[in-house]
Amino acid sequence: MGAHADRLDGGILLTAVRIPFTLALLLTVFAAFAPPSSAQDTPYFITYSHHLEEPGTLEIELSSNYATQHVGNDFIAPWIEFEYGAKGWWTTELYLDSQHTFNDGALFTGWRWENRFRPLMKDHWINPVLYVEYEDINGADKTMIEVVGFDGQADHAVRNFVVSREHKHEIETKLILSSDFKGFNISENFIAEKNLGHQPWEFGYAIAASRPLRLAATSSRCNFCRENFVAGVEMYGGLGTTDSATLSGTSHYIAPVLAWQMPSGITLRLSPGWGLTDTSHRFLLRWGLTYEFSGFGHKVRSWFR
Amino acid sequence: MRRLSFPLVLLTASAIFAAAGSAREKKSGDDRGVTSAIAQAPLATRDWQNPYEGQPDAIAAGKKLYLRHCAECHAKDARGRGRAANLRLPGVQNATPGELVWFLRNGNLWRGMPSWSGLPVERRWQIVTYLKSLRR
Chain A
57 MGAHADRLDG GILLTAVRIP FTLALLLTVF AAFAPPSSAQ DTPYFITYSH HLEEPGTLEI
117 ELSSNYATQH VGNDFIAPWI EFEYGAKGWW TTELYLDSQH TFNDGALFTG WRWENRFRPL
177 MKDHWINPVL YVEYEDINGA DKTMIEVVGF DGQADHAVRN FVVSREHKHE IETKLILSSD
237 FKGFNISENF IAEKNLGHQP WEFGYAIAAS RPLRLAATSS RCNFCRENFV AGVEMYGGLG
297 TTDSATLSGT SHYIAPVLAW QMPSGITLRL SPGWGLTDTS HRFLLRWGLT YEFSGFGHKV
357 RSWFR
Chain B
364 MRRLSFPLVL LTASAIFAAA GSAREKKSGD DRGVTSAIAQ APLATRDWQN PYEGQPDAIA
424 AGKKLYLRHC AECHAKDARG RGRAANLRLP GVQNATPGEL VWFLRNGNLW RGMPSWSGLP
484 VERRWQIVTY LKSLRR
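Protein sequence lines correspond, in order, to chains A and B.
One point on numbering: in my numbering, the residue at position 275 of the first sequence is 331, and numbering is uninterrupted.
One point on numbering: in my numbering, the residue at position 54 of the second sequence is 417, and numbering is uninterrupted.
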């Protein structure tokens, strides 16, 4: 048992810590040579809006979730996203998850493949998006990209070598509703997740609002001007399961978010979050670094001509 | 490693599938597609007034936004590239500012033009102001 924990602490630490840092370095190098691009992304970490990736654009994002524990050890859970605009109405995304629990160990915790579809081709007051995701993760996953059912901080108190033995094959669906109004984006997500191993459906929600600090652009290129910052707040949590649809015993969080969209195409995001119930983590801190490779699809297509 | 390689294969396959699918699509490069898409704008949009019309600051801001969001597809000189329309052609330049700002909000998702409703309407007007300045 001790040897196993040591191995987690040592060898596999590479997966959770070194790889994200290496990729961050590569991202910075790519950013220096790639054409500048900046999309219209919302600053949220958990909530989705109806804005999909532009067709042919590949977005790479490194994010992390730090959380404090009442019982057990605090942890940091980095993940990498590869998001591609396959069509104007279809975005596909791959996640690679990892985590490092202090005084315990680090490991790769699995992958997710998500797809988002816009069924309506025009913009409306409320814009629906259908979301389907397949997850192949283990029980040690701590990215908390969604909170559903009775997810709570107690789930993250178990040591890695124990909980990592549990494999989860899950289907997650979301109904995303999103509106843009006078510079604000307001988004609501309704989540239903099913572990394919004979578990009940688990439900959750995420709601958010955000707005650029300045609506009109200035005429000159600038890094620190208000037009490049988007501020907002999101709230998310679990809603029980099909066996027990209730708020009692569920976790809920509120988290201000701030995004800095630099003209170079790099976006930095930061979000401190606070748990609202006894079952929630007391404090979360998320950060993200994003870079978009616009024209990626065009370059790949050119290989086939 | 096996757990890591499968998603990478999946990602590569998805990218190749999506890219190869797009490669089979017909190239247009002219303004037919954008003209018909703009023609779907409601009549009321023709009466929308551009709050920044002709303002030099708005043209400069619009150019900055254009280079940031649009130039990768439509080219820096707005003459189009591949399937992306030439924005200097009559189909675009004869449209009213209101029709263009409506089109930017809605896009033409089936033909690959994204919706830019995530940009505040003030910035969409600035982009339209810049596009209209190209007519001169």
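Just so you know, these hints were derived from the structure itself, not from any lab.
For every residue, glycine included, the Cβ atom is placed at its ideal position computed from N, Cα and C.
Check the hints yourself; a few may be wrong.
Claimed, not checked - Per the computed footprint, the stretches of chain B lying under chain A, defined by three or more beta-carbons under 8 Å from a beta-carbon of chain A, are: (1) 404 to 411; (2) 477 to 490.
Said to hold, decoys possible - Just some of the chain B residues that point at chain A, by a computed CB distance under 10 Å: (3) A424; (4) K427; (5) H432; (6) R442; (7) G445; (8) G454; (9) N457; (10) W473; (11) R474.
Said to hold, decoys possible - To list a few chain A residues with every Cβ distance to chain B over 10 Å, as calculated: (12) I132; (13) W145; (14) D179; (15) R215.
These are the hints, each one checked on the structure:
{"no.": "1", "hint": "404 to 411", "verdict": "violated (count 0)"}
{"no.": "2", "hint": "477 to 490", "verdict": "holds (count 11)"}
{"no.": "3", "hint": "A424", "verdict": "holds (4 Å)"}
{"no.": "4", "hint": "K427", "verdict": "holds (6 Å)"}
{"no.": "5", "hint": "H432", "verdict": "holds (7 Å)"}
{"no.": "6", "hint": "R442", "verdict": "violated (16 Å)"}
{"no.": "7", "hint": "G445", "verdict": "holds (7 Å)"}
{"no.": "8", "hint": "G454", "verdict": "violated (19 Å)"}
{"no.": "9", "hint": "N457", "verdict": "violated (22 Å)"}
{"no.": "10", "hint": "W473", "verdict": "holds (6 Å)"}
{"no.": "11", "hint": "R474", "verdict": "holds (7 Å)"}
{"no.": "12", "hint": "I132", "verdict": "holds (20 Å)"}
{"no.": "13", "hint": "W145", "verdict": "violated (5 Å)"}
{"no.": "14", "hint": "D179", "verdict": "violated (5 Å)"}
{"no.": "15", "hint": "R215", "verdict": "holds (21 Å)"}
Hint violations for this structure: numbers 1, 6, 8, 9, 13 and 14, all remaining hints satisfied.
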